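Using the hints provided, position chain B relative to the given structure of chain A.
Here is how the chains run, residue by residue.
There are 2 protein chains.
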Amino acid sequence: MSEMTRTPIGETAQAVGQTVKISGWVQTKRDHGKITFIDLRDRTGVIQCVGYKKMGELTTESVVELVGLVKQRPEKMVNADSPLGTVEFDVQEYTILNPAKELPIQVDEDGRDINEESRLRYRYLDLRRERMRKIVKLRSDYFHAMREALYEREFTEVETPMLTKSTKEGARDFVVPSRLQPGKFYALPQSPQQYKQLLMTAGVERYFQFARCIRDEDLRADRGFEFTQLDLEMSFVKREDVMKTVEDVVKQSVKAVGGKLKDETFPVFDYKDAMAKFGADKFDLRTEEEKAAGVLSFAWVINFPFFKKVDTSDAAEVMDGKSGWTFTHNPFSSPIPEHEEWLLKGERVGEILTTQYDLVCNGYEAGGGSIRAHRPELLRATFKVMGYSDAEIQDGVGHMLEAFEVGTPPHGGIALGLDRHVMMLANEDSLREVIAFPMTSSGKTAVMDAPSTVSDEQLKELHLQIVLPKVAKK
Amino acid sequence: MSEMTRTPIGETAQAVGQTVKISGWVQTKRDHGKITFIDLRDRTGVIQCVGYKKMGELTTESVVELVGLVKQRPEKMVNADSPLGTVEFDVQEYTILNPAKELPIQVDEDGRDINEESRLRYRYLDLRRERMRKIVKLRSDYFHAMREALYEREFTEVETPMLTKSTKEGARDFVVPSRLQPGKFYALPQSPQQYKQLLMTAGVERYFQFARCIRDEDLRADRGFEFTQLDLEMSFVKREDVMKTVEDVVKQSVKAVGGKLKDETFPVFDYKDAMAKFGADKFDLRTEEEKAAGVLSFAWVINFPFFKKVDTSDAAEVMDGKSGWTFTHNPFSSPIPEHEEWLLKGERVGEILTTQYDLVCNGYEAGGGSIRAHRPELLRATFKVMGYSDAEIQDGVGHMLEAFEVGTPPHGGIALGLDRHVMMLANEDSLREVIAFPMTSSGKTAVMDAPSTVSDEQLKELHLQIVLPKVAKK
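Line by line, the protein sequences are chains A and B. Under my numbering, think of the first position of the first sequence as 3, with each following residue one higher. Under my numbering, think of the first position of the second sequence as 3, with each following residue one higher.
Just chain A, with the same shape it has in the complex (with noise of 0.2 Å):
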């Protein structure tokens, strides 16, 4: 590489009349004989560069640095389609740093017309494509802004484990063999529900959490196994309170990403009005036009029923609610305050509504959270509803009960869903294309050979043995 500083493309336009060093992708080639132009592209910017009879050797997409001559362009041969179709480099020498072969896949297109499997297994490729870069970048911006609102009103951000106990949030665990404690297993995180309200108890009053969770589901197009919540959590808040900071939140964040809202002001609807008018939970309320606009409708539903019905073909369901009640949405929420009693006496458990309160986005839930049960006899009461002994009501949350005996505040939180805050406002259909390295629809790692088979000595440390099924699936 040469001594001089690299300049970025984007800044080019400032330089002309000087020689500088430009470094980038070969992203077009045009090879005229004596003259050949490429379009280099750095991540600030692209350029067109003019050289002389060795350049045809460079391939597209190949890493070249130039050193050359910034030049104004003649006015008839300014691309005003280009931001910086005003100059253009003159190339005086060139170095390649890394040569491109035959590229597996074509990144110079929107990618959507090749199949998941090559666009995941080559995704270094695949996340050059304009489109991609984009979100990319949409994401982190997303999150900073995010994070700047959430500072701003003075929140701590707190980490918690990922290696934790199995908790009831009603999906299935990923679990985690202890090679120090045989047989046993650590869950990895369905969400810090419970942490961050012992967070709470411990006095923190405003955490938040970019939390990275993951479910062993069933994958489809629109869910994988591993996903990105903001997770906050605050003390001494009613339902009112949190959804105001979270909709303040969510509207400074969007704008700051240039996204743009259908209501300034998050409209409410009561679970039963909008299963009335929509007939579910999640609706989309914008007209054809602000469809096309790209508007973001974000609306609030509240007032959900605490409890429903067991679905005797939902294993999961059928394990939390052995009474026949299973919980709708979350087992530590609290009731709204005019129910309290109900639930206390287990009476009238099929009208008994919770604080939850869900975001919905565009006909897509976005969050959803609710004000905690912070005293021992709501929780217990609501696992009782479920048909939990006292045995097991003390194993699988006997520690949240001690702590809400040494005073924990009234709190209340929420999760939103930012894999999906971001496919809105990318405006794009499947999660997959805002997450870096997704998993493929079948559940393998994105480029990496993963899930893969481990070696008999490390299942031996791991105190386990395979017992493949009888006929293997693929």
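To be clear, the hints were calculated from the coordinates, so they are not data collected in a lab. Quick caveat: nothing in here was measured; it's all calculated off a predicted structure. Wrong hints could be hidden among the right ones.
Because identical chains share one entry, a pair is satisfied inside a single copy or across any pair of copies.
Unchecked claim - With a cut-off of at most 25 Å between alpha-carbon atoms, the simulated BS3-like pairs for lysine-lysine come out as follows:
#, residue 1, residue 2
1, K246, K23
2, K462, K324
3, K279, K73
4, K103, K386
Only chain B this time, still in chain A's reference frame:
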């Protein structure tokens, strides 16, 4: 709860003469019969409250809401040691929001005399002590400052997968059985090393992540299974460029949280000079005076040997170094340019120096990174030196070699051990003091009962059977 808006205790001094609502924890109580004094604490401050007879019922650490009058104290009653020592709160009404039973551990001291198991089991109480509250806040503030420093330098935040492939990082992986692919396992990331390099192939150019890393290492006071690293990577850089950027980010962030630096420019030591001078590659440059002043003494160490003779007592080294040679720091590093030929020819292996740079602070390793091999022949040569066959290289890092043939820029980066940074900033000497919910030294998760057993049903779904050792160890 009263419908009045809550006033943060830290703002009561601006509310003299007003009737306000405050809420928080009863830090101390002095019951003088007719009059009861309590100190009420929230996250913003502590205020002395004066109440009457019945308030004697309040127990310490209960959560209460008080409505009352903020009064200026008479001059002779001012407590100059307390930020709110000029005011007191005349209680008119109080509501117990959550009563505290007798506490299993006390929270009014620094907690160092309480055994670790109790502190971690009741971590939600342990975190209430002033020392711990300050650390939680300091950690959040330091991370905030680092992010700001990175955003200013146009870094993009990207998340990489938690369920991934076993990588060659030199420690033992935690593995996660796949339900959908019988007999196969994901690995939890020891670091995002390969993904961050692939992001350079993708053209991100400046990447960072506050990465959650997980390694199944034998536990010791100074090391847990989980840690958080600031992971960053840059394209088109030389060793000195990365060191300069990292040094600037660290200095800016340390100062932002009030930390004191011994050196405005971090001294740089050659590995061999450091060994000759200090007998170690981690060293403490502070005088006793500087230690007492809580100064942070950062320094760089460079020009490490790339390879070392395998320590035959270390199973991982034996596995990686089939030839008798293994890497000292990172097999993905590039040697210094002058030694590339030796590596490519497999000559003078013991003399090859790596581009590795270690950041040390106060005698600890505070981070480490390198310029990476971005040409396939260099990475291949590194594994050849260690005795890997072509097939093993293809199986282990074939995807990296492929990426290096489609336009990967020169790149390098670093990983900073942030738990340790916060430990030093807080002047603590155990990592457990700076992690909200750390594991015990026996690998048990704080508060929760993990690891724990899983059901036979779950094991069956995962195609696993437990094989307990003949003599079960605890």
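Each hint tested on the structure:
1. Taking the shortest alpha-carbon separations for K246 and K23, only the inter-copy value of 20 Å comes in at or below 25 Å, while the best intra-copy value is 51 Å.
2. When the C-alpha separation of K462 and K324 is checked against a cutoff of 25 Å, the pair qualifies only between copies, where the shortest distance is 22 Å, while the shortest distance within a copy is 37 Å.
3. For the identical chains of this complex, K279 and K73 are neighbours neither inside a copy (62 Å) nor across copies (54 Å), given an alpha-carbon limit of 25 Å.
4. Within a single copy, K103 and K386 get their C-alpha atoms only as close as 64 Å, which misses the 25 Å cut-off; across copies the closest is 23 Å, which meets it.
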